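Here the protein sequences line up with chains U and X, keeping their order. Take the first sequence: its position 29, counting from 1, is numbered 29 in my numbering, and each next residue is one higher. Take the second sequence: its position 74, counting from 1, is numbered 184 in my numbering, and each next residue is one higher.
It cannot be assumed that every hint is accurate.
As the list claims (entries may be wrong) - Straight-line alpha carbon distances no greater than 20 Å define the calculated DMTMM-like cross-link-like pairs of lysine to aspartate or glutamate that follow:
| id | chain 1 | residue 1 | chain 2 | residue 2 |
| --- | --- | --- | --- | --- |
| 1 | U | K2 | U | D66 |
| 2 | U | K70 | U | E45 |
| 3 | X | K167 | U | E57 |
| 4 | U | K56 | U | D66 |
| 5 | X | K167 | U | D78 |
| 6 | U | K56 | U | E93 |
Treat the hints as calculated values from the structure; they're not laboratory data. Note that the structure is predicted; figures quoted are calculated from it, not measured.
Residues per chain, in single letters:
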Amino acid sequence: QKEVEQDPGPLSVPEGAIVSLNCTYSNSAFQYFMWYRQYSRKGPELLMYTYSSGNKEDGRFTAQVDKSSKYISLFIRDSQPSDSATYLCAMSEGNTPLVFGKGTRLSVIA
Amino acid sequence: KAGVTQTPRYLIKTRGQQVTLSCSPISGHRSVSWYQQTPGQGLQFLFEYFSETQRNKGNFPGRFSGRQFSNSRSEMNVSTLELGDSALYLCASSFATGKETQYFGPGTRLLVL
């Protein structure tokens, strides 16, 4: 079992839809959880960062961490064509390297 | 503030050759991490340098090596290239070793023929 599992998609939604992206993990020592967005031919860009369990909201984006279920989510409200990208979850124990999911490719259709 | 820069952006090499990739972190950042990204394996950690010292190393063969200079710029080297080394090599910098604030460069796309 891989440390971090993420459905690769692709996921295609109409403009304005609510998008839900998810990752599961096996290492209960993970404490730092991140979501990165990667456009084609670009490096990943940090979107959201959460420490331990809980929710964090930033504009149209909401990140949720459920440590008891080892499950993290990213919600995108009112999705836009500019949100079309690959979304990568990443997590870390703290002073250890980031472990990434393989990414979910999202297409938002106008 | 300028972002993380990587050179070159694209590279074509043949099997058996060696290659050196360069990364300039965001000004003031002292930690540089390197990752390999492939469609099959996703993003995999190669190594991290902080203040010219390797702090962490991923599960890659010894053909992969790196170093960091006193100005925090970093290079990674791959010797005896194999076809499977074709990938996007990403560099990320952060102020310290806190993994939660890594900023990535655009990557170097390496093709090994």
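- Tell me, in ascending order, the numbers of any earlier hints that this structure violates. 2, 3, 5
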